[in-house]
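Number of protein chains: 2
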Amino acid sequence: MSAPSIDVTTADRETLAALHADLQADYDRLVDRGLRLDLTRGKPSSAQLSLSDPLLSLPGEGDFTAKDGTDCRNYGGLAGIEEIRELWGQIFDIPTDQVLEAGNSSLALMHDCLTNFVLNGTGAGATPWGQVEGGVAVLCPVPGYDRHFTILEGLGIRMINVPMTATGPDMEVVASLVAGDASIRGIWGMPSYSNPTGVSYTTDVARRLAEMPTAADDFRILWDNAYAVHHLTEAEPRVPDILTLTAEAGHPDRAVVFGSTSKITTAGSGMSFFGGSPANVAWMQKFLSRRTIGPDKLNELRHFRFLPDHLHVQELMRRHREIIAPKFARVLEILDERLTGTGTAVWTTPTGGYFISLDVLPNTASRVVALAKGAGVALTPAGATFPYGRDPQDRNIRIAPTFPSPDDVATATEALTLCVLLAATEQRLAAA
Amino acid sequence: MSAPSIDVTTADRETLAALHADLQADYDRLVDRGLRLDLTRGKPSSAQLSLSDPLLSLPGEGDFTAKDGTDCRNYGGLAGIEEIRELWGQIFDIPTDQVLEAGNSSLALMHDCLTNFVLNGTGAGATPWGQVEGGVAVLCPVPGYDRHFTILEGLGIRMINVPMTATGPDMEVVASLVAGDASIRGIWGMPSYSNPTGVSYTTDVARRLAEMPTAADDFRILWDNAYAVHHLTEAEPRVPDILTLTAEAGHPDRAVVFGSTSKITTAGSGMSFFGGSPANVAWMQKFLSRRTIGPDKLNELRHFRFLPDHLHVQELMRRHREIIAPKFARVLEILDERLTGTGTAVWTTPTGGYFISLDVLPNTASRVVALAKGAGVALTPAGATFPYGRDPQDRNIRIAPTFPSPDDVATATEALTLCVLLAATEQRLAAA
Chain A
1 MSAPSIDVTT ADRETLAALH ADLQADYDRL VDRGLRLDLT RGKPSSAQLS LSDPLLSLPG
61 EGDFTAKDGT DCRNYGGLAG IEEIRELWGQ IFDIPTDQVL EAGNSSLALM HDCLTNFVLN
121 GTGAGATPWG QVEGGVAVLC PVPGYDRHFT ILEGLGIRMI NVPMTATGPD MEVVASLVAG
181 DASIRGIWGM PSYSNPTGVS YTTDVARRLA EMPTAADDFR ILWDNAYAVH HLTEAEPRVP
241 DILTLTAEAG HPDRAVVFGS TSKITTAGSG MSFFGGSPAN VAWMQKFLSR RTIGPDKLNE
301 LRHFRFLPDH LHVQELMRRH REIIAPKFAR VLEILDERLT GTGTAVWTTP TGGYFISLDV
361 LPNTASRVVA LAKGAGVALT PAGATFPYGR DPQDRNIRIA PTFPSPDDVA TATEALTLCV
421 LLAATEQRLA AA
Chain B
1 MSAPSIDVTT ADRETLAALH ADLQADYDRL VDRGLRLDLT RGKPSSAQLS LSDPLLSLPG
61 EGDFTAKDGT DCRNYGGLAG IEEIRELWGQ IFDIPTDQVL EAGNSSLALM HDCLTNFVLN
121 GTGAGATPWG QVEGGVAVLC PVPGYDRHFT ILEGLGIRMI NVPMTATGPD MEVVASLVAG
181 DASIRGIWGM PSYSNPTGVS YTTDVARRLA EMPTAADDFR ILWDNAYAVH HLTEAEPRVP
241 DILTLTAEAG HPDRAVVFGS TSKITTAGSG MSFFGGSPAN VAWMQKFLSR RTIGPDKLNE
301 LRHFRFLPDH LHVQELMRRH REIIAPKFAR VLEILDERLT GTGTAVWTTP TGGYFISLDV
361 LPNTASRVVA LAKGAGVALT PAGATFPYGR DPQDRNIRIA PTFPSPDDVA TATEALTLCV
421 LLAATEQRLA AA
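In order, the protein sequence lines correspond to chains A and B.
Counting in the working numbering, the first sequence runs from 1 upward without gaps.
Counting in the working numbering, the second sequence runs from 1 upward without gaps.
Hints were generated in silico from the structure; no laboratory data involved.
Using N, Cα and C, we set each Cβ at its ideal position, and we do this for glycine too.
It is possible that some hints are incorrect.
Simulated restraints, written as ranges between beta carbons of each label pair [unchecked claim]:
#, chain 1, residue 1, chain 2, residue 2, range
1, A, S289, B, P95, 29 to 37 Å
2, B, A124, A, G134, 24 to 32 Å
3, B, F287, A, S50, 58 to 66 Å
4, B, E333, A, G76, 24 to 32 Å
5, B, E333, A, S50, 54 to 62 Å
6, B, F287, A, A279, 23 to 31 Å
7, A, P278, B, D7, 28 to 36 Å
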């Protein structure tokens, strides 16, 4: 396959037809190769996971006592052990007594937090969201993370799309919506290297979220700090400190913060965190206490032995970067080689996180994903990055380069670019 | 302090007054000793936890692959790894594909299962319990486990007391209630060594629960198999197999089963299990999938390396028994020495589990707990073993002998018996 030097959006019919014939022939050869590749999974690779293999024999026999004397093998300690709250509070910019460690999945904490909003309300005297006449809604910056949307859909919470910009959600749209509609009770936010756009919120955006007037008096910023330390470059910016910003703005309870070590140590055997104002932490603990006697404190101790301070975490994340940054670079290189100048796609150049967001010609994303599937390359379903699985422009595709080998990433991306061009050419021919 | 040989309930006023003076003097001396003892906690002791210390360095570096090739360090596998489902399915009498491993707390699974009943209903087409006009109720055999009741109270589910007998809940009462009232949607059950009575359900009781006609067509038996292998004697009976019984009775979806390793390996760092019919397992997985990407598979592997088969589990539980059976024996010995013949109390003689249930004279349990507190001995609050914390007869006290040292257990029990006698004598004098 060779790169076309043709802008598909402006080419004449004859040029398009010739290009299409070439691309179709390339595609047929691709199908014949019988690939089995996967660009769907925002998962660490085996090489990344091996960085944390010391965890597999930690804390070690005889080592089960936390700093304060707690026997980590026994029940109790709903908030997690002090040293782990302190360290990860520092990493997530949360005071120790405003952070809880609770389980292996921050998604589960988000799910449970929202479930409690629905069943019990956001705090003393607040109407449970599930009892609000006409229902409630949450703003969803798009494209975004499908599992955020699944939680809301499962709870019957209406979702309203808000466009992402290069600095965070479009704050003109957000401010206008929340000021005028009391049924809007929250907004999702991934402040650092958003899934899938890679956008990091500026402090200005975070401040506007903290300060903006909202018609609902229990408005909540759902701050999913999933990629706080997941830098792809040597710039290692801090995430805007939403808890301080909301407190300064006189809305101390507006933000709830979530984070985890899933893509720092192991995925599924790590720790997850909840942070918030003192009132929100007390609120969360009240509901946690109905559900469980405490988190896995041995896993906390295991992690603390492996990563005893911020410098160890930083060093580990740099080793992750050494493994995954070249994969991102390879994808971007191929996208540039094959698609620049064709008019068929634009994409993000993330400086952190796990994804590249590719926007193809409107109404071709589903076709691209189907073509790729036909050639043995699995892509995240078109629409998955939007609420209800509906991309109104059928345009966005999420690329996850971390899990496959570098060679597989390259082969899959080459295949993907061919499918983008073929789908675009098909569409232009049909329209011509 | 000496044991009275007097039946407090029949003694005359003069005898009671003399006895009371003696007991009060004993109590004053007890207070002077400044004890700090605790009989509240159904927790394993340090010696018990040490039995599982090999877990602290497992699975070991290089060991992270499940039988089917799954990398346990990565995301995925919502149901848990095959080998852990197979082994613990055998222990809990559940076919492998009908058991899920999910997290460190079976209480959390019960909480989430009930939350889903409330929000989403028990299955396709079922009305969510939270939308049933007039609300729903669940039967609670009493005395029972306070955390069961807390979950129901938090979800706004009405609780109805049902008396426990020596073979399980009073099935005449249960059958009559569920047949006539469609708002009654479930019953708690701890089939083996119930908390706190130690009662094990007979197969006949389990069969009647499985077979009984219920006005509600989505009636659920909440089968908390917390003490399935926690024998205190050499008799090691199997728990009635409720899933087979309900299937045979034509009610395959009636029972949901919960279990954990919290009091087998470590408390809080173990595994928890959900079991049910294929429909119930699919139902649970649907909601689990909204909440999490999967359980801690490394912890599953860790446990499988330590306890690879049923015989290892059995052997471990016998070592637990060697540690805790003497504590139970000592409590029972002291209760017998000090209280038999006094008319002030009856108690259970459990053959497994974690508790002894003590019934004192009606309307004295709160006083006993207060007196014990005054003497530095913490007891579970009176009423805790009943829904809403209300023991209608103010009579039941739960004794948890496993956690303290044998000497502390003995000292605390001696103090407790003194408080029982003193409270009884006070009451009789006041009534005389």
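Okay, the hints, checked on the actual structure:
1. S289(A) <-> P95(B): 29 to 37 Å: holds, 34 Å
2. A124(B) <-> G134(A): 24 to 32 Å: holds, 27 Å
3. F287(B) <-> S50(A): 58 to 66 Å: Violated: the Cβ-Cβ distance is about 33 Å, outside 58 to 66 Å.
4. E333(B) <-> G76(A): 24 to 32 Å: With Cβ atoms ~30 Å apart, the hint holds.
5. E333(B) <-> S50(A): 54 to 62 Å: holds, 56 Å
6. F287(B) <-> A279(A): 23 to 31 Å: Given range 23 to 31 Å: holds, Cβ gap about 29 Å.
7. P278(A) <-> D7(B): 28 to 36 Å: Since the Cβ atoms of P278(A) and D7(B) sit about 55 Å apart, the hinted range of 28 to 36 Å is violated.
The structure fails to meet hints 3 and 7 from the earlier list, while all remaining hints are met.
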